[in-house]
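Each chain, letter by letter, is given below.
Protein chains: 2
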Amino acid sequence: MSLVNRQLRLKTRPEGLVRQDNFDLVELPVPELAEGQALVRVLYLSMDPTNRVWMSDIPQYMPPVAIGDTMRGLGLGRVVASRSSHYAEGDLVQGLVGWQDYAVLDEARAKDWVKLPPKPPVSLPTLLGACGFSGITAYYGLTEITPVQPGETLVVSAAAGSVGSIAGQIGKLRGARVVGIAGGPDKCRHLIDDLGFDAAVDYKADDWKEQLKQATPDGVHVNFENVGGPVMRAVMSRMVNGGRVALCGLIANYANGGRPSDDYSVIIVKRLTVRGFLAFDYRDSQKAVQDLIGWVKEGKVKAGETVAEGLENAPTVLNRLFEGTSTGKLVLRVHGE
Amino acid sequence: MSLVNRQLRLKTRPEGLVRQDNFDLVELPVPELAEGQALVRVLYLSMDPTNRVWMSDIPQYMPPVAIGDTMRGLGLGRVVASRSSHYAEGDLVQGLVGWQDYAVLDEARAKDWVKLPPKPPVSLPTLLGACGFSGITAYYGLTEITPVQPGETLVVSAAAGSVGSIAGQIGKLRGARVVGIAGGPDKCRHLIDDLGFDAAVDYKADDWKEQLKQATPDGVHVNFENVGGPVMRAVMSRMVNGGRVALCGLIANYANGGRPSDDYSVIIVKRLTVRGFLAFDYRDSQKAVQDLIGWVKEGKVKAGETVAEGLENAPTVLNRLFEGTSTGKLVLRVHGE
Chain A
1 MSLVNRQLRL KTRPEGLVRQ DNFDLVELPV PELAEGQALV RVLYLSMDPT NRVWMSDIPQ
61 YMPPVAIGDT MRGLGLGRVV ASRSSHYAEG DLVQGLVGWQ DYAVLDEARA KDWVKLPPKP
121 PVSLPTLLGA CGFSGITAYY GLTEITPVQP GETLVVSAAA GSVGSIAGQI GKLRGARVVG
181 IAGGPDKCRH LIDDLGFDAA VDYKADDWKE QLKQATPDGV HVNFENVGGP VMRAVMSRMV
241 NGGRVALCGL IANYANGGRP SDDYSVIIVK RLTVRGFLAF DYRDSQKAVQ DLIGWVKEGK
301 VKAGETVAEG LENAPTVLNR LFEGTSTGKL VLRVHGE
Chain B
1 MSLVNRQLRL KTRPEGLVRQ DNFDLVELPV PELAEGQALV RVLYLSMDPT NRVWMSDIPQ
61 YMPPVAIGDT MRGLGLGRVV ASRSSHYAEG DLVQGLVGWQ DYAVLDEARA KDWVKLPPKP
121 PVSLPTLLGA CGFSGITAYY GLTEITPVQP GETLVVSAAA GSVGSIAGQI GKLRGARVVG
181 IAGGPDKCRH LIDDLGFDAA VDYKADDWKE QLKQATPDGV HVNFENVGGP VMRAVMSRMV
241 NGGRVALCGL IANYANGGRP SDDYSVIIVK RLTVRGFLAF DYRDSQKAVQ DLIGWVKEGK
301 VKAGETVAEG LENAPTVLNR LFEGTSTGKL VLRVHGE
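Those protein sequence lines, which keep their order, are chains A and B.
This note's numbering numbers the first residue of the first sequence as 1 and each following residue consecutively.
This note's numbering numbers the first residue of the second sequence as 1 and each following residue consecutively.
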């Protein structure tokens, strides 16, 4: 069997939204495995804001993807061939598979991969979302980075998204009053009716700042920030003195070319504590994953995904994160099982 | 004796630097004292960046000064007449005396005033500087807000200024390696030769970013930030992962009309903790003042002041903070003793 591997290689760095022609789609034979290697057929790619950051040549926590390289991306796949004693055909693994059909897994870099139970307790998209990095991010943000306390008001931006939807639900589990910010009446209804948020603010509505004010009569104790820009500025203006910010993402800034668009003054005026964090630092933690799987199975946390199709569409599918046209975790199905 | 009280009243809100004609200088008879009041002859005014903030109609921790009102300002004075049993002629007091010759102190608002020993252990300018709010700010910033540990690298911006010069010296007392950022070779020499800093970076030199890099070979563990803008961005780019920022002031932003000029991304990428604080919150603390007076008298902390003259000059003297033409605490002598 001679397998073809399609790869999306970065051709030019996008400005603003990603264009299909920022990438070349190349077809190559799957490489021969060396001793200690296994071949992984990619099933799902996780579509994350960080993919967009990796395309830009700006300071970040990993080097940017080089021009000509296969796009870096997290995903799940099955081992379909192995010359490693650590991995057997049929193993389900998660790691930086890249935007391609097949990834080569080297046991020398086993620490970069997570072996998952062959028959996982939740669906594969949920494993990438509520019970994967998205859930882990929400979990550590509200427990370790800025623990939210019962009775406090928690505001979550991008609340219908992969991290925000879980953060809001964890906030409820911890006894907070939870206000979500999302785009459009459907998403806002979803937050309240399906996910149990106390209030929702539609940032696409003309009166969204007034909505935010009315939803936070006692101010905001904890801001779980995913967005940045005008939405963040509005939430920061509602913070109580001494409030805390879990700075998780700044999706509004990622495609603006690195222009300074923030204002630190409010941190002084309101004596805030702002803590940045990366779920990446907690990737080895099993506690969060166990808790999240438990909550999902007990129905205490509702997972949700938007599933797009086709490796070749990855560049433009990613834009849905920035256009706000997905709900819950956005994943791309590359191969069916 | 009929005393004349000159008052500097805000006429128009400055943009950028303060102009003399943003103020009216009015002369009025000193008001008759009511029961419970005392008259304070202003000796020194403290010239602080916050004065500039109070002139602007932007969100801040106190209301801005209203057009037509006497400019708000901290200072020291002597009681020269009293109809209060709490205050006697000759008492030395500190409080928001305002930009005027005489302030009326009402015992109903006694909590807004601090009564000082009639013969203080340090000079009056030092009482407003190293042993006043400036010193208190440095003290709490490096003990409570972001305690700096022995062996860590501390960077202090505006390091030749009232707060920065004390912050750097407290950093040395706590065993840190201290790097100061200041404008010009004289100030940089002063930091090293007089104040005991380990290194100094001249932000007016063309190679200042290279100087900063060389002065922080192990990165920056704690940033005591007074400036904001490009200086802050450069320091933030040198922070270690997990570094801490005591966000004390953003003097570069105060006169820029509130344009967003900062970037929160670095807080995420480097997993920083940024804490804003106001010395104002610690104004009742006697511990800091006792420690600071002790250190100054023992020679462990060197106080330094730039003393300007003449109430009428207050608007333009204040600009020296933004032009960088003062060293140590900037005070204005209104009346000699």
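Worth flagging that the hints you see were computed from the coordinates, not collected in a lab.
Just so we're clear, the structure is a prediction, and the values are computed from it rather than from any experiment.
Hints may be right or wrong, so weigh each one.
[To be verified] Listed below are several chain A residues computed to face chain B (Cβ distance under 8 Å; list not exhaustive): (1) V79; (2) G228; (3) Y264; (4) K270.
[What the hints assert, rightly or not] Cβ pair distances, simulated, as ranges: (5) A:R109 / B:P59: 29 to 37 Å; (6) A:P59 / B:V26: 48 to 56 Å; (7) B:S85 / A:S237: 38 to 46 Å; (8) A:A66 / B:D281: 47 to 55 Å; (9) A:R19 / B:I67: 33 to 41 Å; (10) B:P63 / A:P147: 29 to 37 Å; (11) B:D21 / A:G175: 55 to 63 Å; (12) B:T143 / A:Y61: 29 to 37 Å; (13) B:D57 / A:R19: 40 to 48 Å; (14) B:D186 / A:K11: 48 to 56 Å; (15) B:K287 / A:S237: 48 to 56 Å.
Glycine included, C-beta positions come from ideal geometry on N, C-alpha and C.
How the hints compare with the structure:
no.: 1; hint: V79; verdict: violated, 33 Å
no.: 2; hint: G228; verdict: holds, 6 Å
no.: 3; hint: Y264; verdict: holds, 5 Å
no.: 4; hint: K270; verdict: holds, 7 Å
no.: 5; hint: A:R109 / B:P59: 29 to 37 Å; verdict: violated, 50 Å
no.: 6; hint: A:P59 / B:V26: 48 to 56 Å; verdict: holds, 53 Å
no.: 7; hint: B:S85 / A:S237: 38 to 46 Å; verdict: holds, 44 Å
no.: 8; hint: A:A66 / B:D281: 47 to 55 Å; verdict: holds, 48 Å
no.: 9; hint: A:R19 / B:I67: 33 to 41 Å; verdict: violated, 51 Å
no.: 10; hint: B:P63 / A:P147: 29 to 37 Å; verdict: holds, 33 Å
no.: 11; hint: B:D21 / A:G175: 55 to 63 Å; verdict: holds, 56 Å
no.: 12; hint: B:T143 / A:Y61: 29 to 37 Å; verdict: holds, 31 Å
no.: 13; hint: B:D57 / A:R19: 40 to 48 Å; verdict: holds, 43 Å
no.: 14; hint: B:D186 / A:K11: 48 to 56 Å; verdict: holds, 53 Å
no.: 15; hint: B:K287 / A:S237: 48 to 56 Å; verdict: violated, 33 Å
Hints 1, 5, 9, 15, counting from the list given before, are not met by this structure.
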